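*Asks:* In order, the protein sequence lines correspond to chains P and C.
Residue numbering for the first sequence is 1 to 365, as defined by our numbering.
Residue numbering for the second sequence is 366 to 730, as defined by our numbering.
Calculated from the structure, these hints are not laboratory results.
One thing to keep in mind: the hints can contain errors.
Said to hold, decoys possible - Quick list of in silico lysine-lysine cross-link-like pairs, DSSO-like style, CA-CA up to 27 angstroms:
#: 1; chain 1: P; residue 1: LYS143; chain 2: P; residue 2: LYS265
#: 2; chain 1: C; residue 1: LYS680; chain 2: P; residue 2: LYS315
#: 3; chain 1: P; residue 1: LYS151; chain 2: P; residue 2: LYS265
#: 4; chain 1: C; residue 1: LYS630; chain 2: C; residue 2: LYS516
#: 5; chain 1: P; residue 1: LYS307; chain 2: C; residue 2: LYS680
#: 6; chain 1: P; residue 1: LYS2; chain 2: P; residue 2: LYS143
#: 7; chain 1: P; residue 1: LYS265; chain 2: C; residue 2: LYS367
#: 8; chain 1: C; residue 1: LYS727; chain 2: C; residue 2: LYS508
#: 9; chain 1: P; residue 1: LYS362; chain 2: P; residue 2: LYS143
#: 10; chain 1: C; residue 1: LYS672; chain 2: P; residue 2: LYS307
#: 11; chain 1: C; residue 1: LYS367; chain 2: C; residue 2: LYS508
#: 12; chain 1: P; residue 1: LYS315; chain 2: C; residue 2: LYS672
#: 13; chain 1: P; residue 1: LYS2; chain 2: P; residue 2: LYS307
#: 14; chain 1: P; residue 1: LYS265; chain 2: P; residue 2: LYS152
#: 15; chain 1: C; residue 1: LYS630; chain 2: C; residue 2: LYS508
Because the structure is a prediction, the values reported are computed rather than measured.
Take a look at the letters that make up each chain.
There are 2 protein chains.
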Amino acid sequence: MKVNGTHYRSIWLNQDGWRVDVIDQTRLPHEFEIVTLETLENAARAIEVMQVRGAPLIGATAAYGICLALREDASDETLEAADARLRRTRPTAINLMWALDEMMASVRNLPREDRLAAAYARAAEFCDQDVATNEAIGRNGLKIIQEIAAKKPGETVNILTHCNAGWIATVDWGTALAPIYMAHDLGLPVHVWADETRPRNQGAALTAWELGSHGVPHTIVVDNAGGHLMQHGQVDMVIVGTDRTARNGDVCNKIGTYLKALAAKDNDVPFYVALPHSTIDWTVEDGVRDIPIEERSAEEVTHLTGKAEDGSIVKVQVSAPGSGAGNPAFDVTPARLVTGLITERGVCEALEAGLLSLYPEKADG
Amino acid sequence: MKVNGTHYRSIWLNQDGWRVDVIDQTRLPHEFEIVTLETLENAARAIEVMQVRGAPLIGATAAYGICLALREDASDETLEAADARLRRTRPTAINLMWALDEMMASVRNLPREDRLAAAYARAAEFCDQDVATNEAIGRNGLKIIQEIAAKKPGETVNILTHCNAGWIATVDWGTALAPIYMAHDLGLPVHVWADETRPRNQGAALTAWELGSHGVPHTIVVDNAGGHLMQHGQVDMVIVGTDRTARNGDVCNKIGTYLKALAAKDNDVPFYVALPHSTIDWTVEDGVRDIPIEERSAEEVTHLTGKAEDGSIVKVQVSAPGSGAGNPAFDVTPARLVTGLITERGVCEALEAGLLSLYPEKADG
Numbered sequence: 001m002k003v004n005g006t007h008y009r010s011i012w013l014n015q016d017g018w019r020v021d022v023i024d025q026t027r028l029p030h031e032f033e034i035v036t037l038e039t040l041e042n043a044a045r046a047i048e049v050m051q052v053r054g055a056p057l058i059g060a061t062a063a064y065g066i067c068l069a070l071r072e073d074a075s076d077e078t079l080e081a082a083d084a085r086l087r088r089t090r091p092t093a094i095n096l097m098w099a100l101d102e103m104m105a106s107v108r109n110l111p112r113e114d115r116l117a118a119a120y121a122r123a124a125e126f127c128d129q130d131v132a133t134n135e136a137i138g139r140n141g142l143k144i145i146q147e148i149a150a151k152k153p154g155e156t157v158n159i160l161t162h163c164n165a166g167w168i169a170t171v172d173w174g175t176a177l178a179p180i181y182m183a184h185d186l187g188l189p190v191h192v193w194a195d196e197t198r199p200r201n202q203g204a205a206l207t208a209w210e211l212g213s214h215g216v217p218h219t220i221v222v223d224n225a226g227g228h229l230m231q232h233g234q235v236d237m238v239i240v241g242t243d244r245t246a247r248n249g250d251v252c253n254k255i256g257t258y259l260k261a262l263a264a265k266d267n268d269v270p271f272y273v274a275l276p277h278s279t280i281d282w283t284v285e286d287g288v289r290d291i292p293i294e295e296r297s298a299e300e301v302t303h304l305t306g307k308a309e310d311g312s313i314v315k316v317q318v319s320a321p322g323s324g325a326g327n328p329a330f331d332v333t334p335a336r337l338v339t340g341l342i343t344e345r346g347v348c349e350a351l352e353a354g355l356l357s358l359y360p361e362k363a364d365g
Numbered sequence: 366m367k368v369n370g371t372h373y374r375s376i377w378l379n380q381d382g383w384r385v386d387v388i389d390q391t392r393l394p395h396e397f398e399i400v401t402l403e404t405l406e407n408a409a410r411a412i413e414v415m416q417v418r419g420a421p422l423i424g425a426t427a428a429y430g431i432c433l434a435l436r437e438d439a440s441d442e443t444l445e446a447a448d449a450r451l452r453r454t455r456p457t458a459i460n461l462m463w464a465l466d467e468m469m470a471s472v473r474n475l476p477r478e479d480r481l482a483a484a485y486a487r488a489a490e491f492c493d494q495d496v497a498t499n500e501a502i503g504r505n506g507l508k509i510i511q512e513i514a515a516k517k518p519g520e521t522v523n524i525l526t527h528c529n530a531g532w533i534a535t536v537d538w539g540t541a542l543a544p545i546y547m548a549h550d551l552g553l554p555v556h557v558w559a560d561e562t563r564p565r566n567q568g569a570a571l572t573a574w575e576l577g578s579h580g581v582p583h584t585i586v587v588d589n590a591g592g593h594l595m596q597h598g599q600v601d602m603v604i605v606g607t608d609r610t611a612r613n614g615d616v617c618n619k620i621g622t623y624l625k626a627l628a629a630k631d632n633d634v635p636f637y638v639a640l641p642h643s644t645i646d647w648t649v650e651d652g653v654r655d656i657p658i659e660e661r662s663a664e665e666v667t668h669l670t671g672k673a674e675d676g677s678i679v680k681v682q683v684s685a686p687g688s689g690a691g692n693p694a695f696d697v698t699p700a701r702l703v704t705g706l707i708t709e710r711g712v713c714e715a716l717e718a719g720l721l722s723l724y725p726e727k728a729d730g
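Looking at chain P on its own, in the form it has when it is part of the complex:
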């Protein structure tokens, strides 16, 4: 998508044809800075310190991390060490492991002299696949927005989203935001309510930055506001992303998603979840019961980082000193609250039968 009129992906090959450029997301939303990765260690650190985040982008960065390692030395030892180093960066990121499995499968059995070219080719393919998947999600979600727009001609379609499932969490387009970018680019009048998304504020910081940079009208609201907006007819639909989708259609996403789904149900607002097939965990039968929820550090709740008036980036404590904080990072929205799942293959009901109608090859799984 665009930043000040120029199209960007979140990761791309430098003009020199071998180094890798990424947007330093730790500087967003206050500064737009591009970092060039030259070594395996640069790539690993970029993932660790969250200069890059979002499952697809982490996978893409790891893929290029293998390339950068092979460029220095294409031996088996270097390859295995690079793989191990990258796996340690975010040990719970399933997408990261999958990307590394793919990369290793593509290069491990090649002669040393062919490995580097094959790795760069596979990494590029990896990125293009992600873009194509998200573009397909966007096209499928766009139809839903168009249907809503057709019912209120000339009026703005108001869409609420939670957290950041936008282009900078992927290689391009995003998942939940892909249909919104498409609608906007086609000239449909869309306006986004961007949930702040405490405690890490991805909505106020990243989603708002993305939408603003591309020119999509939007308004930040605190996470508390969505129910009131829906109660008063100010939300036409909700679209969120997901980190993990259970076989029964339960959806694990950023903490607070469940509350928005409840409000949507209570006010007859359609609630959609956009996802690539890679987030579907066919082994989980009941998401609410079985998906473990990561508990993150209390400091994410008690402290916040922002830009002071003098331009410096400062961390401040915003809570009572001495009080502890709980920080469950995700929640699971029961399938009964989900209007539909938007995937790259189409839109389905949030049910096992719905998912299997799009992915029949999983029927025996």
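Position chain C relative to chain P; hints supplied.
*Replies:* Coordinates of chain C only, in the frame set by chain P:
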């Protein structure tokens, strides 16, 4: 309630018998500082800059503001000017107007030489009445906590609250927190989930400070977390306060309350609202439809104030620069989601019939 083992009210007469001491709530939770009000202007400013906040405490401070004005000059002109000055401090605070009406009625028709003593007596009575009302709310709510505790002997009763309806918003006890303080003081094992309450963070800052200072076990959570906690059996009941209660039992409270009520309903968690009769607006037939919601400044959403590592209090921007924010300050929870209303006269269903069973004198109103 207690601060470091010493009992405090939020407002009290100084040892000199005429000046008025308050806790500077703009310094909380980072510093506990007592401010002494000596003049009408001190009192008016304390309300304006929110050194004191919370409807009952604002009323009490205004009452003492009249006393401080009369101490300098008990003339009609001074009295009327003081009344007008104090009314301008928070023009939408209904409780403030009521307190001033009461004070003016108590002193206006007295001879000049009797006014000062009458004013101090009425202000003290005003404070004592607030404490008695909240203590009665506490006793009535305590029974509900005791019933829940009886069902899980020896186990902790987990109570979620939103915003701050504690003792520092009143003269003492608070409304939603009064039953919790009583249960704790009686040795019942209670634990409070304190919702952060964005955008002004009253939960993380004030409720957590109050509970911590009194020694009540508690944990701060972001507003997004409550649904997940309820889904997993970690909340036994919800108690919140209210700014305005409609005749039909709809409850207007801090933005986000509605989302917690939805989650409570979805998980069969009892959802109670604690209120003194003064918050019941008998003229509003349908709260969701008819209660106007104040839209506050975007900066409350986009910026946050906290304590930096060097000890300074700093304001930082936490959202994307250039992105606007919406800031509805309250929402209305429909009566159908409310298990019961806890008032100083007892607990009733959130229905007109329920309220009238406690306040039969309003049946013709």
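*Asks:* Hint by hint, say whether it matches the structure.
*Replies:* Outcome of the hint check:
1. P:LYS143 - P:LYS265: Status holds; Cα separation ~21 angstroms.
2. C:LYS680 - P:LYS315: Since the Cα atoms of LYS680 of chain C and LYS315 of chain P sit roughly 10 angstroms apart, the hinted pair holds (cutoff 27 angstroms).
3. P:LYS151 - P:LYS265: Holds, because 20 angstroms separates the two Cα atoms, which is no more than 27 angstroms.
4. C:LYS630 - C:LYS516: holds, 20 angstroms
5. P:LYS307 - C:LYS680: holds, 8 angstroms
6. P:LYS2 - P:LYS143: holds, 22 angstroms
7. P:LYS265 - C:LYS367: violated, 43 angstroms
8. C:LYS727 - C:LYS508: holds, 26 angstroms
9. P:LYS362 - P:LYS143: holds, 26 angstroms
10. C:LYS672 - P:LYS307: Holds: LYS672 of chain C and LYS307 of chain P sit about 14 angstroms apart, inside 27 angstroms.
11. C:LYS367 - C:LYS508: Given pair LYS367 of chain C, LYS508 of chain C holds - Cα atoms ~22 angstroms apart, limit 27 angstroms.
12. P:LYS315 - C:LYS672: holds, 8 angstroms
13. P:LYS2 - P:LYS307: Holds: LYS2 of chain P and LYS307 of chain P sit about 24 angstroms apart, inside 27 angstroms.
14. P:LYS265 - P:LYS152: holds, 21 angstroms
15. C:LYS630 - C:LYS508: Holds: LYS630 of chain C and LYS508 of chain C sit about 21 angstroms apart, inside 27 angstroms.
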